[in-house]
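Chains as they are written, first to last, in our numbering: chain E, 1 to 199; chain Z, 1 to 199; chain B, 1 to 199; chain C, 1 to 199.
Check each hint, because a few of them may be wrong.
Identical copies go unnamed one by one, so any copy, or any two together, can satisfy a pair.
What the hints assert, rightly or not - Calculated cross-link-like contacts (lysine-lysine; reagent style DSBU-like; alpha-carbon spacing at most 30 Å):
#, residue 1, residue 2
1, K177, K28
2, K123, K177
3, K23, K111
4, K76, K199
5, K199, K84
6, K198, K23
7, K89, K177
8, K96, K177
9, K177, K199
10, K177, K76
11, K89, K199
12, K198, K177
13, K89, K198
14, K198, K28
15, K84, K123
None of these hints come from the bench; they were simulated from the model.
Note that this is a predicted model, so its numbers are computed, not measured.
4 protein chains.
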Amino acid sequence: MYFGGDWLMRRFNIPDSEFIRGKVPMTKEEIRILTIAKANICPEDVVLDVGAGTGSLSCEAALHAYNGQVYAIERKAEGIELIKANTEKLGIGNIKVIEAEAPEGMEQLPKLNVAIIGGSGSKLAPILDKIDGLLVTGGRIVLNCITIQTLSQCLEYMRQREDYEYAAVQVQVSRWKQVGPYDMAEAMNPIFIVTCVKK
Amino acid sequence: MYFGGDWLMRRFNIPDSEFIRGKVPMTKEEIRILTIAKANICPEDVVLDVGAGTGSLSCEAALHAYNGQVYAIERKAEGIELIKANTEKLGIGNIKVIEAEAPEGMEQLPKLNVAIIGGSGSKLAPILDKIDGLLVTGGRIVLNCITIQTLSQCLEYMRQREDYEYAAVQVQVSRWKQVGPYDMAEAMNPIFIVTCVKK
Amino acid sequence: MYFGGDWLMRRFNIPDSEFIRGKVPMTKEEIRILTIAKANICPEDVVLDVGAGTGSLSCEAALHAYNGQVYAIERKAEGIELIKANTEKLGIGNIKVIEAEAPEGMEQLPKLNVAIIGGSGSKLAPILDKIDGLLVTGGRIVLNCITIQTLSQCLEYMRQREDYEYAAVQVQVSRWKQVGPYDMAEAMNPIFIVTCVKK
Amino acid sequence: MYFGGDWLMRRFNIPDSEFIRGKVPMTKEEIRILTIAKANICPEDVVLDVGAGTGSLSCEAALHAYNGQVYAIERKAEGIELIKANTEKLGIGNIKVIEAEAPEGMEQLPKLNVAIIGGSGSKLAPILDKIDGLLVTGGRIVLNCITIQTLSQCLEYMRQREDYEYAAVQVQVSRWKQVGPYDMAEAMNPIFIVTCVKK
Chain E
1 MYFGGDWLMR RFNIPDSEFI RGKVPMTKEE IRILTIAKAN ICPEDVVLDV GAGTGSLSCE
61 AALHAYNGQV YAIERKAEGI ELIKANTEKL GIGNIKVIEA EAPEGMEQLP KLNVAIIGGS
121 GSKLAPILDK IDGLLVTGGR IVLNCITIQT LSQCLEYMRQ REDYEYAAVQ VQVSRWKQVG
181 PYDMAEAMNP IFIVTCVKK
Chain Z
1 MYFGGDWLMR RFNIPDSEFI RGKVPMTKEE IRILTIAKAN ICPEDVVLDV GAGTGSLSCE
61 AALHAYNGQV YAIERKAEGI ELIKANTEKL GIGNIKVIEA EAPEGMEQLP KLNVAIIGGS
121 GSKLAPILDK IDGLLVTGGR IVLNCITIQT LSQCLEYMRQ REDYEYAAVQ VQVSRWKQVG
181 PYDMAEAMNP IFIVTCVKK
Chain B
1 MYFGGDWLMR RFNIPDSEFI RGKVPMTKEE IRILTIAKAN ICPEDVVLDV GAGTGSLSCE
61 AALHAYNGQV YAIERKAEGI ELIKANTEKL GIGNIKVIEA EAPEGMEQLP KLNVAIIGGS
121 GSKLAPILDK IDGLLVTGGR IVLNCITIQT LSQCLEYMRQ REDYEYAAVQ VQVSRWKQVG
181 PYDMAEAMNP IFIVTCVKK
Chain C
1 MYFGGDWLMR RFNIPDSEFI RGKVPMTKEE IRILTIAKAN ICPEDVVLDV GAGTGSLSCE
61 AALHAYNGQV YAIERKAEGI ELIKANTEKL GIGNIKVIEA EAPEGMEQLP KLNVAIIGGS
121 GSKLAPILDK IDGLLVTGGR IVLNCITIQT LSQCLEYMRQ REDYEYAAVQ VQVSRWKQVG
181 PYDMAEAMNP IFIVTCVKK
């Protein structure tokens, strides 16, 4: 077996195979690892995960914020069920699930140390405005962008904000599968990860 | 500032800029994050870092194995100095530096939970044999391969070992630099990361 | 030697090493090959190359349009000199060089079958408008985008034009260099190639 | 329609959509373009395509060698049928199809100017030996490698041959698909293209 549970003791990455997925697209392991690492989550942090999907990012964030709290916003009922199923499977108790389409559902949130945006529908700017109102100085926003339009909107937004600095990377992972005597590439789609720090 | 110290409390990634580097090539941040994540290091683990270079992987491993021990083998005197300088700068106390060309210098090592191979000179097979003799069941070997020959030797070795399973990924990261009003790509060299688990 | 002249007889790609370059950035061989291939240049075609730089794309276009004409627009004097030097070196006679910053310098152009945009400064939309006024039905515009902003502007422009269809690809090439007994990757920056066909 | 026929007059790339494919894997457009370009095929050349599959590379080679001859070796009956169907559809008359598993079927071949190896089964070295016996000085072998093992064998073979020089590139293409208002990446598997020139 690739790796075994006991998550609350060991705060390293959870492999894709550990998550219940259904038909909801899930952030792949390597992207999840990099996203969480760039979020620099501390034990007491309050973290928001927008467009939580299966909750895979929320779950890993919750393991790093083990004395803190994670809020997971997801608009689809199927996603909500999967997040609950995955938190239960992994024995994670510090995730609050909010069924809403962001920026809705953010009214009651406390101050945030970290916001992760895995999906933004078509409302990135209002979501970023809402997050900015809650984010502490030194806080971070980490976005996974899979479309040129979302990436472009994110860069445009951050370029207009002198109180933020950002770093963008594109990550392309290929998994080399064992097929008989050969190792053959299986390309995964490239993702842009934008890390924004509030000054 | 991109991010601040206090490493022993917060076990997340250390950015490239925090390391003293000299002319020794250093594993880049994203590759270091993925390598450490795939190594699944636990607090009490004993970790070996072969071809430690600047010690960047050793330092991050040491933060995860905060109740354990890291052994860093490096053949170059300049590397040895850098590893010592970096551990001191980061306030890391659980790294033992061994100046040798692996597989030499491994005679006195205890049982290992994890071995990281950043550089193997031209002696990968004997290094893997030596590690295998020390590695516990369920232990991991994570290799960063930057040449086709090292990758090929690694895959060939692991395919002959029925007591290991491996997963290989290739990671290509491009950093999108802010140049005036534009974001322009700066490609980093692709790396193969091979994760081997002893059954 | 990697490959020898006589270009007018053989219409295949010209390696980077054949071009005089100076300090002007040059489209790399693999990107040039794909750009020219996607431009589908016919022997009698009239081709425009905007932001011609060293003229490497103009020269290859001229070999395909061997009974046609290529117009190369470049704003920098150094570029103009390089284009002239390269056409002379390769014995190409069907390139007219225009020293101007596009869309300036396009007033006198005839109908175009193909337009290649290697560089657009910050004036992509007006350049595309000007090209559209000259481009025949079934004609093509092929853009090389190295920034997210240029790519985004290009996609936004084409999405508003129902009389164009486009296909965008991102190409990442790594050259594996022979270093002693090893083959090591040297990553080249990723490029977006957008092919637009006028319906 | 993306682009129209009349191949014998215009020697540019044929899009994937023009080929009849069945279930046989086909070299994708961008890889085909680069492979053919690096083969430097001249009008009178004799070209061998080993592991021809659907014949897509054979067909493009035949358009460049329009006064020459292409020999396409393929072991699978389905492939043979597809090659014949594609040559007929495109009106190409200078391809001879050989149903055999290379290096078998190469006995009767004349001197070769170019050899393209799209698939080598597990017999790369004997195939390269056979090709070497037929290849003229200055002739080229261009290989598409999709496995680490084939790539590694190819590099090892060429490193032992002082009468050849080679250049290896890895190409990763992502197609950005238009999905509603977004452009989303669809990664294609990375391919290694090795170009070998006989000195």
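For this structure, which hints from the list above don't hold up?
3, 4, 5, 6, 8
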